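Taken in sequence, the protein lines are chains Z and S.
With UniProt numbering applied, the first sequence covers 1 to 191.
With UniProt numbering applied, the second sequence covers 1 to 145.
No lab work stands behind these hints, which were simulated from the structure alone.
The model shown is predicted, which means the values in this text are computed figures rather than measured ones.
The beta carbon of each residue, even a glycine, is placed where N, CA and C say it ideally should be.
Please note that the accuracy of each hint is not assured.
Computed cross-link-like contacts, PhoX-like style, restricted to lysine-lysine with a CA-CA straight-line distance of at most 25 Å [what the hints assert, rightly or not]:
#, chain 1, residue 1, chain 2, residue 2
1, Z, LYS161, Z, LYS147
2, S, LYS134, Z, LYS138
3, Z, LYS147, S, LYS93
4, Z, LYS54, Z, LYS148
5, Z, LYS130, Z, LYS51
6, Z, LYS171, Z, LYS147
7, Z, LYS130, Z, LYS105
8, S, LYS134, S, LYS93
9, S, LYS93, Z, LYS130
Quick partial rundown of chain S residues pointing at chain Z, CB under 10 Å, derived from the structure [said to hold, decoys possible]:
#, residue
10, SER28
11, GLN31
12, PRO33
13, PHE41
14, ASP43
15, PRO46
16, SER48
17, LEU49
18, GLN74
19, HIS88
20, THR92
21, SER97
22, ALA105
23, HIS107
24, HIS109
25, THR110
Listed next, with one range per pair, are the computed distances between beta-carbon atoms [stated by the list, open to error]:
#, chain 1, residue 1, chain 2, residue 2, range
26, S, ILE114, Z, LYS54, 28 to 38 Å
27, Z, ASP10, S, HIS106, 25 to 35 Å
28, Z, ASP3, S, LYS93, 31 to 41 Å
29, S, ALA133, Z, PHE13, 32 to 42 Å
30, Z, ASP3, S, LEU128, 30 to 40 Å
31, Z, GLU63, S, ALA133, 49 to 59 Å
32, Z, HIS116, S, VAL17, 56 to 66 Å
33, Z, LYS54, S, SER131, 54 to 64 Å
34, S, HIS57, Z, GLU163, 27 to 37 Å
35, Z, GLU63, S, VAL56, 26 to 36 Å
36, Z, ASP3, S, ALA102, 46 to 56 Å
37, S, VAL99, Z, GLN146, 40 to 50 Å
For reference, the chains in residue letters:
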Amino acid sequence: MTDDKDVLRDVWFGRIPTCFTLYQDEITEREAEPYYLLLPRVSYLTLVTDKVKKHFQKVMRQEEVSEIWFEYEGTPLKWHYPIGLLFDLHASNTALPWSITVHFKNFPEKDLLHCHSKDVIEAHFMACIKEADALKHKSQVINEMQKKDHKQLWMGLQNDKFEQFWAINRKLMEYPPEDNGFRYIPFRIYQ
Amino acid sequence: QEPLDDSQAAGVGSAEVVRYEYHVLYSSSYQVPVLYFRACFLDGRPLSLDEIWGSVHASYQARLQEGPWDTITQQEHPILGQPFFVLHPCRTKEFISAVLGASQAHHRHTNYIILWLSTVGPVVGLNLPLSYAKLAPEESTGDEV
């Protein structure tokens, strides 16, 4: 893995310049300016948009605000997909910045999972890690780790700390020298 | 992966009718069946996780709270792409092996799916009629798994 470190860093630090605009039918007390942000490809929308939420809530009344959700050209964006995946699926052929519309009403129950707290994102992320390890190592590596290691993996992602994250993730990406590789290689294909 | 639909209406609280929809899917990663479900009121409004939680029998709630691997979470249905609730599958192999082992030691025929569904289903409102347990096989092969 050490010779791949440059690639790992490039993947981790990938960013998508994004312009967030409030949906025109949201009720505001004054005009809402768009908000620009560089989004990490490897993270999740609801994990990295606290500033976006604060920015728009400043011009709205408390009673007009419920769960935030994001949409691109009429399609609700699934926060549980990594940001880079969402961009590649929906907007890779359009010019940057990526234009996302922000909503605070009419949550699309049939399309999107709820995300009431960061704990939900953590649980989803860890479930993905666990499932991948079920395929790679029959869950042995992830199950042998202590809770604090799981926490470190999550905090590394949450706080954008490459070294902290990979200190734990490298164990999930190794296999015994006598084996030729993982038992199965986990893939997810989206279209 | 073929989902099997089974919808039924259940009474909740004083006069609320809730329609539950259950899908049985197979997890290739964990190599076990997984129960996906969703519920809505008759006007189409879906139940929230809190409302689902509230309808779980008290005797199961303590067990589920030990979590996180035994809990109910909202997940995307792998085929429909829509939000469903799921009972986490990674402990399934453990408890199924325990029961199956005992069953096979007594040379009893066991249907894996009925065994599994009759265990996890009641936690989330799906009760299998006893007649399922009485289904007699043509032969007891003992190699259902």
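Hint validation: PRO46 of chain S versus chain Z, beta carbon distance must be below 10 Å. Holds or violated?
5 Å, holds
Does the interface hint hold: is SER97 of chain S within less than 10 Å of chain Z, judged Cβ to Cβ?
15 Å, violated
If you draw a straight line from the CA of LYS93 of chain S to the CA of LYS130 of chain Z, is it 25 Å or shorter?
15 Å, holds
Does LYS93 of chain S sit within 25 Å of LYS134 of chain S, going by the straight-line distance between their CA atoms?
With a Cα-Cα distance of about 24 Å, the restraint between LYS134 of chain S and LYS93 of chain S holds, given a limit of 25 Å.
Against the 25 Å threshold, does the CA-CA distance of LYS134 of chain S and LYS138 of chain Z hold or violate the hint?
35 Å, violated
Beta-carbon spacing of VAL99 of chain S to GLN146 of chain Z - inside the hinted bounds 40 to 50 Å or not:
About 30 Å separates the Cβ atoms of VAL99 of chain S and GLN146 of chain Z, which means 40 to 50 Å is violated.
Pairwise hint evaluation, LYS105 of chain Z against LYS130 of chain Z, where the allowed Cα distance is 25 Å at most
Roughly 33 Å separates the two Cα atoms, so the pair is violated.
Given the hint of 28 to 38 Å, is the C-beta distance from ILE114 of chain S to LYS54 of chain Z inside that range or not?
52 Å, violated
Range hint compliance [Cβ, HIS57 of chain S to GLU163 of chain Z, 27 to 37 Å]
Once the Cβ atoms are compared, 47 Å apart, the range 27 to 37 Å for GLU163 of chain Z and HIS57 of chain S is violated.
Does the interface hint hold: is GLN31 of chain S within less than 10 Å of chain Z, judged Cβ to Cβ?
9 Å, holds
CB-CB spacing for ALA133 of chain S and GLU63 of chain Z relative to the 49 to 59 Å hint
53 Å, holds
Is the hint on PHE41 of chain S kept, meaning its closest Cβ partner in chain Z is under 10 Å away?
12 Å, violated
Going through the hint list in order, the structure does not satisfy hints 2, 4, 5, 7, 12, 13, 14, 20, 21, 22, 23, 24, 25, 26, 27, 29, 30, 32, 34, 37.
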